[in-house]
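A.B. asks: The task is simple: from the sequences and hints, build the whole structure.
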Amino acid sequence: KHCLIFDEHAFKNGPSAVTSPRTKKNIERFCLGRKPLYYGLEMSGPPILHFQTSDMAHRILNHFYTVIYFTDPVVDNYYKRFVRDFIHYHEYIFCAAGKIVKLLQEEGKERGFE
Numbered sequence: 002k003h004c005l006i007f008d009e010h011a012f013k014n015g016p017s018a019v020t021s022p023r024t025k026k027n028i029e030r031f032c033l034g035r036k037p038l039y040y041g042l043e044m045s046g047p048p049i050l051h052f053q054t055s056d057m058a059h060r061i062l063n064h065f066y067t068v069i070y071f072t073d074p075v076v077d078n079y080y081k082r083f084v085r086d087f088i089h090y091h092e093y094i095f096c097a098a099g100k101i102v103k104l105l106q107e108e109g110k111e112r113g114f115e
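For reference, each letter of the sequence shown is one residue, going 2 to 115 in this note's numbering.
Don't take each hint at face value.
Said to hold, decoys possible - Restricting the straight-line Cα-Cα distance to at most 35 Å, the calculated cross-link-like pairs of lysine-lysine (DSBU-like) are: (1) 36 to 25; (2) 100 to 81; (3) 25 to 13; (4) 110 to 25; (5) 13 to 2; (6) 100 to 110; (7) 26 to 81; (8) 13 to 81.
Unchecked claim - If you anchor each label on the Cβ, the simulated ranges turn out as follows: (9) 98 to 38: 26 to 36 Å; (10) 52 to 74: 31 to 41 Å; (11) 22 to 87: 28 to 38 Å; (12) 18 to 102: 38 to 48 Å; (13) 108 to 10: 45 to 55 Å; (14) 93 to 38: 26 to 36 Å; (15) 46 to 89: 50 to 60 Å; (16) 109 to 87: 30 to 40 Å; (17) 46 to 113: 18 to 28 Å; (18) 97 to 56: 16 to 26 Å.
None of these hints come from the bench; they were simulated from the model. The beta carbon of each residue, even a glycine, is placed where N, CA and C say it ideally should be.
C.D. replies: Written out as structure tokens, the structure reads:
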């Protein structure tokens, strides 16, 4: 439903401060019909930002970079690399996921899927 936009001008002066046609077009292309939600002073106040994901209408089952857009490419690359390098699932989660995938593959073969 939404895409979260980080833009320096919008942060300081509100969404209407994004006036560059190129930036507007990039935001529109990124959001693909979703409504842009600009990260601003109001969002930056609380020490924790919580996204409701407890029901199917609010599930975030995509990578963060499909929902969050930084209009400055340098900042965009920085945070993508940060997440890539420092935020990982624990090994036991990967292990459990591997077991589940293996069981699904075995069941699929039993049902005639290859």
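A.B. asks: Confirm or reject each hint.
C.D. replies: Each hint, compared with the structure:
Taking the CA atoms of residue 36 and residue 25, the gap is about 13 Å. The hint holds against a cut of 35 Å. The hinted pair formed by residue 100 and residue 81 meets the criterion: a straight-line CA distance of about 29 Å does not exceed 35 Å. At most 35 Å may separate the alpha-carbon atoms for a hinted pair to count; residue 25 and residue 13 meet this at roughly 17 Å. Restraint check for residue 110 and residue 25: the C-alpha separation of about 48 Å exceeds 35 Å, so the hint is violated.
Pair hint residue 13 plus residue 2 holds up; C-alpha atoms about 24 Å apart against a cutoff of 35 Å. For the given pair, residue 100 sits about 15 Å from residue 110 by alpha-carbon distance, which is consistent with the 35 Å threshold. Note on residue 26 and residue 81: the hinted pairing holds, with a Cα-Cα distance of about 21 Å set against a maximum of 35 Å. This hinted pair checks out: residue 13 and residue 81 have alpha carbons roughly 23 Å apart, not beyond 35 Å.
Roughly 30 Å separates the CB atoms of residue 98 and residue 38, a value that falls within the hinted 26 to 36 Å. For the hinted restraint 31 to 41 Å between residue 52 and residue 74, the CB-CB distance of approximately 25 Å leaves it violated. Checked against the hint of 28 to 38 Å, the pair residue 22 and residue 87 passes, with Cβ atoms roughly 35 Å apart. Separation of residue 18 from residue 102 is about 46 Å and conforms to the stated range, judged on CB atoms against 38 to 48 Å.
Against the hinted window of 45 to 55 Å, the Cβ-Cβ separation of residue 108 and residue 10 comes to about 52 Å, which satisfies the hint. As the Cβ distance of residue 93 to residue 38 is approximately 34 Å, the hint placing it in 26 to 36 Å holds. For residue 46 and residue 89, the hinted distance range of 50 to 60 Å is not satisfied, since their beta carbons lie about 29 Å from each other. Between residue 109 and residue 87 the CB atoms are about 35 Å apart, so this pair conforms to the stated range of 30 to 40 Å.
In this structure, residue 46 and residue 113 break the distance hint of 18 to 28 Å, their C-beta atoms being roughly 56 Å apart. Taken as a hint, the range 16 to 26 Å holds for the pair residue 97 and residue 56, whose Cβ atoms sit roughly 24 Å apart.
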